[in-house]
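Each chain, written out:
Number of protein chains: 2
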Amino acid sequence: MDEKITSRENAKIKYACRLSSGAAFRRSEGRFLAEGRKLCPELARGAQLETLFYTESAMAKCPELADLPGEHYLVEDHVADKLADVGTHQGVFGVFRTPVHGLDEVKTGGRYLALERVQDPGNVGTLLRSAAAFGFDGVILSDGCASVYAPKTLRASMGAAVRIPVIEAGAMPDAIARLREKGITCLAAALYKSQPLSAAQASYPGGVCVVIGSEGQGLTDATIAACTSTVRIPMTDRVESLNAGIAGSILLWHFREESL
Amino acid sequence: MDEKITSRENAKIKYACRLSSGAAFRRSEGRFLAEGRKLCPELARGAQLETLFYTESAMAKCPELADLPGEHYLVEDHVADKLADVGTHQGVFGVFRTPVHGLDEVKTGGRYLALERVQDPGNVGTLLRSAAAFGFDGVILSDGCASVYAPKTLRASMGAAVRIPVIEAGAMPDAIARLREKGITCLAAALYKSQPLSAAQASYPGGVCVVIGSEGQGLTDATIAACTSTVRIPMTDRVESLNAGIAGSILLWHFREESL
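The listed protein sequences correspond, in order, to chains A and B.
First residue of the first sequence: -1, per the numbering used here; consecutive thereafter.
First residue of the second sequence: -1, per the numbering used here; consecutive thereafter.
Heads up, some of the hints might be wrong.
Pairs count within a copy or across copies, as identical chains cannot be separated in the list.
As the list claims (entries may be wrong) - DSS-like mimics (lysine-lysine), calculated; alpha carbons at most 30 Å apart, straight line: (1) LYS36 / LYS180; (2) LYS191 / LYS36; (3) LYS36 / LYS150; (4) LYS80 / LYS150; (5) LYS2 / LYS12; (6) LYS180 / LYS2; (7) LYS10 / LYS150; (8) LYS150 / LYS2; (9) LYS80 / LYS10.
No lab work stands behind these hints: they were computed from the structure.
All chains, please: the whole structure from these sequences, using the hints.
This is the structure we're talking about:
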């Protein structure tokens, strides 16, 4: 029988809540908190699960949770409510070790997605999911992007955050320069002075990196200048723009793994 | 100087609130309410604006609102708060006539998107926006879809709801039969027993209709059987599925207007 936590002031609960709410704390601890009956087992396939918290009713609905690794704690409903970042939750929470990846892992011939200051957690999560779906080898994030391991991003990515290497790279122009040194073609998504996607090659022997900017401002001039060339999704004049997650996913589809 | 509304119990305000909250009332009245400094002028380009409500601060920020057609009313802030469906709003609201379109307008050689029981307003709005962007001629909705003219859908569609004909068609298999009578190839998006999109033609001389089902269940068996054939977006095994708005938009991109 697992130990039961009855107090919202329990040290393990307070630690998990800090992981949930603070990106800086997540980074310094190298851990994150996720919530969900389906999401936690999914994440456990790609990241080390250290601690699992569950309510009695969650375990009754989903007894296979008992097979997950790590320390397990039964928590009372009011404790689970504290762990949740939103009102509704499924009573299952996990503390995971954050997988760490660096630019040194980027390899010639690979497919990469780079995000500069994409601030919406839903867009970052969706793009991670699409990149994993279309056979990309990694996702590079600049400063100012929504945190990959924040509760909202984890939900939108549906576990993809641990199925594809995520590299936090600081300033984007420097990261682009590193990729180009390895022979990777870096394509900036930009509306102006750009080549329509329908005219772009589907693959590049040295590898390709699709570079996407923030929802409001797009890419910085420095990043566009650092890239090999620019590309845009051609549209009719009936809309001004596409949603960033949609536009990015269409680019990822175009540059997908050849076998798909 | 426009008349000023100071009471939340004003008949015009109560009428607008009913339009905002009830799909059945919107349908019986043939009108809808939209909110937004950018969205209202955008919608006014494609739908008849009957009544505009604005706060003093909204007009100060955006004096060109005065050029919009229809009756104009200045409303006090607490009245504007009642008109808004969410906490934050921009103080600009419009009552519009709903454009009405029918299946009889569907034409051979055209491009159509059909949605069966797509329940998330964000997905319906996003797909309308992508369909308008890629030169589609109309969107057909079955019973059980999120309302196109609900506040959340209007925000996600960014005005596309009035830039592309929207046809509310009831049961989807009957609608598909009508389209096929006109020589339109109807492609059901389905994960199983389907052809990968990468192997599908990009255009069909008789026209094409992309048919997308609900987020959880996909298309009904009756709709799949009514379609010409099925198509799927090939993916790696690293994800289980794509977001419905993303998957649909990639299909729309594939079957886009040839000039794009």
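Verification of the hints:
1. LYS36 / LYS180: neither (38 Å within a copy, 44 Å between copies)
2. LYS191 / LYS36: between (44 Å within a copy, 26 Å between copies)
3. LYS36 / LYS150: For LYS36 and LYS150, both the intra-copy (15 Å) and inter-copy (27 Å) Cα distances are at most 30 Å.
4. LYS80 / LYS150: Cα proximity of LYS80 and LYS150: in one copy and across copies (16 Å, 29 Å).
5. LYS2 / LYS12: within (15 Å within a copy, 51 Å between copies)
6. LYS180 / LYS2: neither (52 Å within a copy, 65 Å between copies)
7. LYS10 / LYS150: So LYS10 and LYS150 pass the 30 Å test inside one copy only (22 Å; across, 38 Å).
8. LYS150 / LYS2: within (27 Å within a copy, 41 Å between copies)
9. LYS80 / LYS10: within (12 Å within a copy, 43 Å between copies)
Violated hints, in rising order: 1 and 6; the structure is consistent with all others.
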